[in-house]
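Chain residues, written in single-letter form:
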Amino acid sequence: MQAVYPLVFSAALFCVGVYGVLSRRNAVLVLMSVELMLASVTINLVTFGAILGTEADPLLTGQVFALFVLAVGAAEVGVGLAIVLLLYRNRASVNIDDADLMKY
Amino acid sequence: MSDFAWLIPAVMALSGLTILLFGKRMPRHGAEIGIVAVGFAFVLAVLVAVQVFSANVAAVAEVEEAHEAEAAAAPVWSIAGREVTLVTEAAQGEEAAEIPAGVSEFRLEQSTELSPIGSGFGIEAGTRIDGLTAMMFLLVTFVSLMVHIYSTGYMHGDPRYTWYFTLLSVFTFSMLLLVIANNLLMVLMGWELVGVCSYLLIGFWWEEKLNSDASIKAFLTTKLGDVGLMVGVVGLWSEFGTFNIAEIFEGVEAGDYSQGLLTFSLLALFIGAVGKSAQFPLHTWLPDAMAGPTPVSALIHAATMVTAGVFLIARLYPVYEASPTALTVIAIIGVITLFAMGLLALVQDDVKRVLAYSTVSQLGYMVAALAFSYTAGIFHLFAHGFFKALLFLGAGSLIHSVHSNNMSDMGGLRKPMPVTFVTFVIGSAALAAIPPLAGFWSKDEVLAGAFGAGGYSGTLVTVLGALGGMITAFYMARVLWLVFGGEFRGNGHPHESPAAMKWPLVALAVPAALIGFVNLPFDFAHPRGFAAWTMFDLAYFEGHPAEFNLLLALGTTLLALVGIAVATAIYRRSEALADDPMLRLGLFTKVLQNKYYLDLLYMGVIVRPLRDRLAPAVYWFNDHVIDRIVYLAGAGTVGLGRVTYRDVDQRGIDGVVNGIGSTANYTGNLLKFAQSGNVQLYAGALFVGVFVLGVLFAVA
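So the sequences go chain by chain: W and S. Residues in the first sequence are numbered from 5 upward in steps of one, following my numbering. Residues in the second sequence are numbered from -18 upward in steps of one, following my numbering.
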């Protein structure tokens, strides 16, 4: 099986995520971009698990780990959205450029 | 008993300390401690003297027995004696064989080594008890006892009464230490200590400038001599390698020395004696020393301390015998002193000054005597101590009564002061060498010794000594007539002194009159008297039999009587000192009154240039050069410190510390802008960093 497709896809997805994190001003979009990066890592895990497994010994570690990452990602999104919600309540804005109190 | 002789000085030291600490609280302000202590010391001294003297007499008796036995066993000598040469040889051989083995003079040494300083240089503290020590013990403790008792009357009511008795005790201790010492370092110690006590006591009434001047003069003049003493002690040490007197004697006996250095050392020692014993030309301090209280003059400046020089020569007599040059110098200095200083007493008005010059003159006799005979010198020392102390105490009694030192304020005191009169006459007669009083026998011994020795110096001492005796008789008769004869010329009503002053006079008059009989020059009743008691060496005693020259004795007595007669003729009717013919002799009087201009000479040649020229110059040098150097060193140090503080510490070290701080501050100030609060920027930086690190790891 060709591993290159999912890996390239995963890298592209990660780059899109990085770009989103660095360029978006909307906190929700930034959060979504982080989820994209997380997804690309999950894809990596599944890919390598599939590549390294054999007929005799199908390696399920990657897939199990992917499930864990999804669970953690869901929890993380819960926390992140809660923060965004509080930000919005206090500032009436979700622009992260406005949330710059922690500076000199 | 002699084993405990060290107690004699020790008890006086203890007494001095006790009086100093507790004297003021005692009922008699410390005087009783001093008297008890010195009384105890006197009793001990008598016991020691009895033991030493009887041991010496026994030794002499043994030698004589052996001598007689030898003479009986070997009559050959007297037969062979027809030939002159044989006689001399025989006599010499006999003399050498005279002293049987195992018989020797009494000598007891106890010594403790004190912290040896390595390479054989040891310092010891030791005592040496022999005839001379025992004799000096007797003299010092007895006179000191009398002076202590006398002082309770004389110093009564003095504001520094307790301090006075402290000094008396300390002085007595120092003198006894000097006497008992078995090595020259201890002698030096005692010597300086008596000097200090003398200084303190001369200036005892320091409120008057004159008195403190006199004390300084005495101290400095004797100090000049002390330098000589120190040089002499070191000289002897370099010659014999020891300070111990007995070992020095052994060295001399072994002939293990160079004559030149020995003579030099002995002359240096003699300079010390010249200073302390007020010999010409360092005698000028003694008459001035009369500024002290009179009992002090009696104790220190007549009987004991001033004889320390004579004692020193006597102590080292075996060494001095080895150097005829030194002995000749001693004879000459002694004879100059005894004659020239006796003359000075002629023109004095102050009764204490008469006695002072007489003391100088008598010390001259002792010193001159030592050049010829050991026994004569110390016998005169012994006898003189008693009668001169008596005379001084008598003079103190007069002064106490009329409140003046001057004979022009006295006169006619025979009736109101009978005890003083009688004792003073005894003392004067003893000093004037009227037989059979003490002075006659001792002075006769001196002159007979010198006459017997012959030679230039012997003849000189005999002639001038006899003439000096006439002068002595003359001025003592003058004093007697001026003080006790005629009418009272002073103010107030003279009275006899209190009992505390009267009885010491009586007690001193007895030995002053009778002490001569302990050393009769011929075999009468007790052939082994003073000479045997105090001999330092049996061989010397055997080799120097007592000399008596009837013609000489008669001649000197006649001269003394002439002196007295002349003085009587002149002063019997003398009412005022203005009539004194002694003061109307033109140049003679002038020279004498100016003390041979010696004081002026010392003042002009030594004191003035030193005090007015050298001292200011040295002061200037000190002020402008030495102090300047010190000052500059101080200022330099301060400057250096300032530079160190300002440049090294403040700028250098503190600068580094501060620099580190401010650098951190500065860079922090620059870096703080990186914290913009823009999370995306942080994340971007994070990604860039991770990317760079990833690339770096990949490359590596």
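Calculated from the structure, these hints are not laboratory results. Glycine residues also receive a C-beta, built at the ideal position from the N, C-alpha and C atoms. Be aware that a few hints might be false.
Stated by the list, open to error - What follows is a list of derived Cβ distance ranges for each label pair:
id, chain 1, residue 1, chain 2, residue 2, range
1, S, Asn650, W, Met106, 10 to 20 Å
2, W, Val8, S, Ala664, 52 to 62 Å
3, W, Val8, S, Gly642, 28 to 38 Å
4, W, Val32, S, Asn650, 53 to 63 Å
5, S, Asn650, W, Cys19, 31 to 41 Å
6, W, Ala79, S, Ile634, 55 to 65 Å
7, W, Phe69, S, Asn650, 38 to 48 Å
8, W, Ala15, S, Ala664, 39 to 49 Å
Verification of the supplied hints:
1. Between S/Asn650 and W/Met106 the CB atoms are about 18 Å apart, so this pair conforms to the stated range of 10 to 20 Å.
2. The beta-carbon spacing between W/Val8 and S/Ala664, approximately 29 Å, falls outside the hinted interval of 52 to 62 Å.
3. Distance hint for W/Val8 and S/Gly642: a CB-CB separation of about 57 Å, inconsistent with the stated range 28 to 38 Å.
4. The supplied range of 53 to 63 Å is broken by W/Val32 and S/Asn650, whose beta-carbon atoms lie about 37 Å from each other.
5. A hinted range of 31 to 41 Å for the beta carbons of S/Asn650 and W/Cys19 is consistent with their spacing of about 37 Å.
6. Between W/Ala79 and S/Ile634 the beta carbons are some 57 Å apart, a value that agrees with the proposed interval 55 to 65 Å.
7. Between W/Phe69 and S/Asn650 the Cβ separation comes to about 47 Å, which falls inside the hinted range of 38 to 48 Å.
8. A beta carbon spacing of about 18 Å between W/Ala15 and S/Ala664 contradicts the range 39 to 49 Å that was offered as a hint.
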